[in-house]
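> These are the residues of each chain, in order.
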Amino acid sequence: MSLELVLQYLVAGLTYGTIYAVVGVGFNIIYNATGIINFAQGEFVMLGGMTAVTLHGLVPLPLAIAGAVLVTMAVGALIEVSFIRWLRKPSVLRMVVITIGISIVLREGALALWGESVRALPYFTGDEVTSISFAGVHVSPQVLWSLGTCLAIVGFLRIFFQHTSMGRQMRACAANRDAAALCGVPTRNLVTLSFVLSAGIGALAGCVTSPITYTSYGIGSGLAIKGFTVAILGGLGNGTAAVAAGFLVGVLEAASVSLLPAAYKDAVSVALLLTILFFRPSGIFGSGEVERLRAH
Amino acid sequence: MKKLLLLSAFLGLTAAAPASAAGEPIKIGALLAVTGPASFLGAPEARTLALLVEQQNAKGGIDGHPIQLLVKDTGGSPEKAVSFAKQLIDEEQVFAIIGPATSGETMQVKAIAEGGRTILISCAAAELIVNPVAPHVFNVAPKDRYAAEMIFQRMKKMGIRKIGLLSSNTGFGKAGKEQVEKAAPAAGVQIVANEVYDKAATDLTAEVTKLKAAGVEAIVNWSIEPAQAIVIKNARQIGLRVPIFQSSGFANIQYARTAGAAAEGVMFPASRIVVADALPAKHPQKPVVSGYKQAYEAKYKEDVSTFGGHAWDAFQILARAVKEAGLDRAKARAAIENMKGYVGTAGVFNYSPADHNGLTIDAFAMLTVKGGKFVILPE
Numbered sequence: 001m002s003l004e005l006v007l008q009y010l011v012a013g014l015t016y017g018t019i020y021a022v023v024g025v026g027f028n029i030i031y032n033a034t035g036i037i038n039f040a041q042g043e044f045v046m047l048g049g050m051t052a053v054t055l056h057g058l059v060p061l062p063l064a065i066a067g068a069v070l071v072t073m074a075v076g077a078l079i080e081v082s083f084i085r086w087l088r089k090p091s092v093l094r095m096v097v098i099t100i101g102i103s104i105v106l107r108e109g110a111l112a113l114w115g116e117s118v119r120a121l122p123y124f125t126g127d128e129v130t131s132i133s134f135a136g137v138h139v140s141p142q143v144l145w146s147l148g149t150c151l152a153i154v155g156f157l158r159i160f161f162q163h164t165s166m167g168r169q170m171r172a173c174a175a176n177r178d179a180a181a182l183c184g185v186p187t188r189n190l191v192t193l194s195f196v197l198s199a200g201i202g203a204l205a206g207c208v209t210s211p212i213t214y215t216s217y218g219i220g221s222g223l224a225i226k227g228f229t230v231a232i233l234g235g236l237g238n239g240t241a242a243v244a245a246g247f248l249v250g251v252l253e254a255a256s257v258s259l260l261p262a263a264y265k266d267a268v269s270v271a272l273l274l275t276i277l278f279f280r281p282s283g284i285f286g287s288g289e290v291e292r293l294r295a296h
Numbered sequence: 297m298k299k300l301l302l303l304s305a306f307l308g309l310t311a312a313a314p315a316s317a318a319g320e321p322i323k324i325g326a327l328l329a330v331t332g333p334a335s336f337l338g339a340p341e342a343r344t345l346a347l348l349v350e351q352q353n354a355k356g357g358i359d360g361h362p363i364q365l366l367v368k369d370t371g372g373s374p375e376k377a378v379s380f381a382k383q384l385i386d387e388e389q390v391f392a393i394i395g396p397a398t399s400g401e402t403m404q405v406k407a408i409a410e411g412g413r414t415i416l417i418s419c420a421a422a423e424l425i426v427n428p429v430a431p432h433v434f435n436v437a438p439k440d441r442y443a444a445e446m447i448f449q450r451m452k453k454m455g456i457r458k459i460g461l462l463s464s465n466t467g468f469g470k471a472g473k474e475q476v477e478k479a480a481p482a483a484g485v486q487i488v489a490n491e492v493y494d495k496a497a498t499d500l501t502a503e504v505t506k507l508k509a510a511g512v513e514a515i516v517n518w519s520i521e522p523a524q525a526i527v528i529k530n531a532r533q534i535g536l537r538v539p540i541f542q543s544s545g546f547a548n549i550q551y552a553r554t555a556g557a558a559a560e561g562v563m564f565p566a567s568r569i570v571v572a573d574a575l576p577a578k579h580p581q582k583p584v585v586s587g588y589k590q591a592y593e594a595k596y597k598e599d600v601s602t603f604g605g606h607a608w609d610a611f612q613i614l615a616r617a618v619k620e621a622g623l624d625r626a627k628a629r630a631a632i633e634n635m636k637g638y639v640g641t642a643g644v645f646n647y648s649p650a651d652h653n654g655l656t657i658d659a660f661a662m663l664t665v666k667g668g669k670f671v672i673l674p675e
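In order, the protein sequence lines correspond to chains A and Y.
Here the first sequence is numbered in my numbering, starting from 1 and rising by one per residue.
Here the second sequence is numbered in my numbering, starting from 297 and rising by one per residue.
Don't read these hints as lab results, they were simulated from the structure.
No experiment lies behind these values; they were computed from the predicted model shown.
Any given hint might turn out to be false.
[Claimed, not checked] Some chain Y residues judged to face chain A by a derived CB distance under 8 angstroms, without partners named:
1) V492
2) K506
3) A510
4) I534
[Unchecked claim] Using C-beta positions, here's what the derived DEER-type ranges look like:
5) A:D127 / Y:Y596: 39 to 45 angstroms
6) A:R85 / Y:K382: 41 to 47 angstroms
7) A:A267 / Y:P580: 25 to 31 angstroms
8) A:T54 / Y:Y596: 14 to 20 angstroms
9) A:E4 / Y:A594: 48 to 54 angstroms
10) A:P186 / Y:K382: 52 to 58 angstroms
C-beta: ideal position from N, C-alpha, C; glycine also.
Produce the complete structure using the sequences and hints provided.
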């Protein structure tokens, strides 16, 4: 196989990878603040894309995206306030059931509101056939947009969680909610904030990937599965690792297409997930130490 | 509530219609993928049926029998189609079923309809639906075999010898893939890459890269999902500029719109309904396609597709059979089987005991996308 083709497969892998990564990152934020997996994460991505498409009929693209992110953030806050906030010491299982329930409500609501048709935002730069060529490799500018957005999100989160007081409070809240509360951390508000943040990031991801993948009311669950895989692979709670895992899965899928019939693409990522869970249950980049500390 | 509405509509109609309308109501079931990946098929079909039932009931129903339509949304899932089919046949005891919209679902429901002795008029295209013939199962979409043959005729003219075949892992995709594989050797065409992708695929860059590596001279894609639009976009983005052929599943203008600039020049076989305006006035299908187009577009403010047309044909064929045979299932079935010369949106139907599809390859015209619109491809 020529180098050109290898690079072209790599580009395909990065395209899949960015989509998986941005969804995976959203899982991590809520996990970091609450220790739960929000199964409605894929629906945030869907809501962002759909709202942006609707708004784009009225206002220019950047405003439509900003509006969609704000609307989805508001939905995230509303969900937390109405379903999660008033629970005292909810068990993990209960939270899982609640978030799955929310995802179904959001999906059916979107079906009632927008109907079944498939929509997409226009390409941010150029159109459907535009591609940037470099040494015989072609890449759609939209892939670069989502790649850039993905990296910007990760950078922002890293600074937020490591270097701001609020981010540190959120991590404290995840490590031990009671102890954090005793130290004066407003744990309840931080949980709300984590939903708002992850809804916003999901919505932004939904907007930048919408020209590539298209948006319809039902895309949430499929995205959530891939995003969840990636979040687990990287090690839950670690945003940068989720992105790395996203690219890894994407590139492996593309490589599998080049060698095997394309139908095995999804089998490859699932096989990878199972292998990792077997040998490294805390993820490729996760450390067992952290997990044990968390459990105590 | 729904029952109340139906009842009040029924009472209102019987009061307004002439005395002969006091007939026994006829229950028609519909199994359609109104939502899910095949919703570009099922949704216009369900809308078309709603429109037809409204029109027909305003005239007092079929031959005085008011119509009660029960639409079940299968979401495109064969499992759901099976359970809804059983429900419609055993519990609701419908007179006939229109649908399913997809070949995969129809193949699962075929035996159930036959076992329940209920007329099933499928809106899907796989040849397997009517071959072998099941006495109660008919379809109204031109067969995938004709679509494949038509594509190869065009390739012959263009001198194409090496193609890449892509298909989705659905009943429609699999059946179409077989037809293309079967017809290729006779047409002197070699399939140098043959890939199946998931129906929910969101990006197919790696798949088209594989076709590029194989040095294909044209791409044939067989699917009904939004992936149809994704394939052509990704092919153009990686700089693969060979001609692209799609199946008859491309005949909803929404697909061309979602693919935008990438859809330009895509070729596909489809029935003439999607180019109704371009048909010459003396074409036999002109009155029926224009009539349907006007009624549908006025009511729903969206373009007609061949799929909505299939529901139109299925309903009209059933209505014609009921007018002829009354509410007797066996007689109505025989009436469809012997129906000749029904001019529908998909073509002129001539059914026979051996042919439950009734159409010929002439039902298709080769179309292309030009300036974001479907037009007939010049010879």
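> Hints first: check each against the structure and report whether it holds.
Here is what the structure says about each hint:
1. V492: Where the cut-off is 8 angstroms and the nearest Cβ of chain A is about 5 angstroms from Y:V492, the hint holds.
2. K506: Since the shortest Cβ distance to chain A is 6 angstroms, the answer is holds.
3. A510: Violated. Min distance 11 angstroms.
4. I534: holds (5 angstroms)
5. A:D127 / Y:Y596: 39 to 45 angstroms: Distance hint for A:D127, Y:Y596 is violated at roughly 28 angstroms.
6. A:R85 / Y:K382: 41 to 47 angstroms: Since the Cβ atoms of A:R85 and Y:K382 sit about 44 angstroms apart, the hinted range of 41 to 47 angstroms holds.
7. A:A267 / Y:P580: 25 to 31 angstroms: Cβ of A:A267 to Cβ of Y:P580: about 50 angstroms, so the range 25 to 31 angstroms is violated.
8. A:T54 / Y:Y596: 14 to 20 angstroms: The hint (14 to 20 angstroms, Cβ to Cβ) holds, given that A:T54 and Y:Y596 are roughly 19 angstroms apart.
9. A:E4 / Y:A594: 48 to 54 angstroms: Roughly 53 angstroms apart at Cβ, these two residues keep to the hinted range, so it holds.
10. A:P186 / Y:K382: 52 to 58 angstroms: holds (55 angstroms)
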